[in-house]
Amino acid sequence: MEIVAKVSRGSKMDQIYLPKNRFGFAPGNNVLVRELTHEKQEKLFFYNIKKIEKIKIMIINEIFNLLNKYNFDNIIITGSFLEEGFNFNDVDMVLIKDKELRLNDVKDELKENLGINFHLILIDNKSLLKGISTDPLFQTMLSKHISKKRFIYNVKPEIRYRLLDMHLLKSNLLMEHFDVLKLNEKLDLLRNLISINLFIIKKQIISKEEVYDKIKELFGDNIIEDLKNNLVDKKKFIKKYKQIYNKTFNKILEGVRNESKQK
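Position in the sequence shown (first residue = 1) + 71 = this note's numbering.
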């Protein structure tokens, strides 16, 4: 919590007035008062971001400032943090650098300074571009982002059926453990299935919006809210999910066979 206020001249002591309608800074709390410097903020690069709260921009600027010393080639913010509102569990971030470093140290520093949990992915440029071309989850993750530097990728989709088979296997967990999975885990597995399905059918880079539109088309417009509020008809949902899973698996199996014939 930060509040910008002016120092007012008093008869015996100068003072700073805080609005009563505020979050934080309760009476009796210790606070740090420092002069506000008008430093020029770094330019942020937005991709498919229509609207975002000002407080999130402040947080992103602070993240980038804290990470300057690591000299990353680029830093990319993705995920639910960029969605409207504050219904996020952590901040998803892709750190691009050719050299290895201890991610836990970076995560701990960010948590200590900002009080937010982070999910970090460290990757080099070559692997990142490869991931975008072959992994539909990577594609959807980066279809909406804010980055420290301009991030332009011009890659052709490359469908590698054996790799997609490995990715798809993960989504089988939703059918087996529906009752014990958390909401975000269910959504991740559902998005994984649908993104793979779309990637195979369209044979082109998949966006996050396309995945959500397809999920609503298949399971109904209110599926996300229904999952959040435990209003989903489990039997009906699993039946539909299994049908899509099996169709996707069969397409992958057909692709693997065709690849083997070509060799």
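Hints listed in this document are in silico derivations from the structure and should not be mistaken for laboratory results. Where hints are given, some of them may not hold.
Unchecked claim - Within a straight-line C-alpha distance of at most 35 Å, the following computed DSBU-like cross-link-like pairs (lysine-lysine) qualify: (1) K287 / K299; (2) K77 / K168; (3) K253 / K274; (4) K125 / K114; (5) K274 / K311; (6) K77 / K125; (7) K299 / K127; (8) K201 / K168; (9) K273 / K182; (10) K322 / K307; (11) K83 / K127; (12) K310 / K287; (13) K197 / K257; (14) K287 / K215; (15) K77 / K201; (16) K322 / K253; (17) K253 / K307; (18) K311 / K273; (19) K178 / K122; (20) K241 / K273; (21) K307 / K318; (22) K299 / K122; (23) K307 / K285; (24) K197 / K274; (25) K197 / K121.
These figures come from a predicted structure and were not determined experimentally.
If you check each hint against the structure, which ones fail?
Hints 2, 9, 11, 15 contradicted; others consistent.
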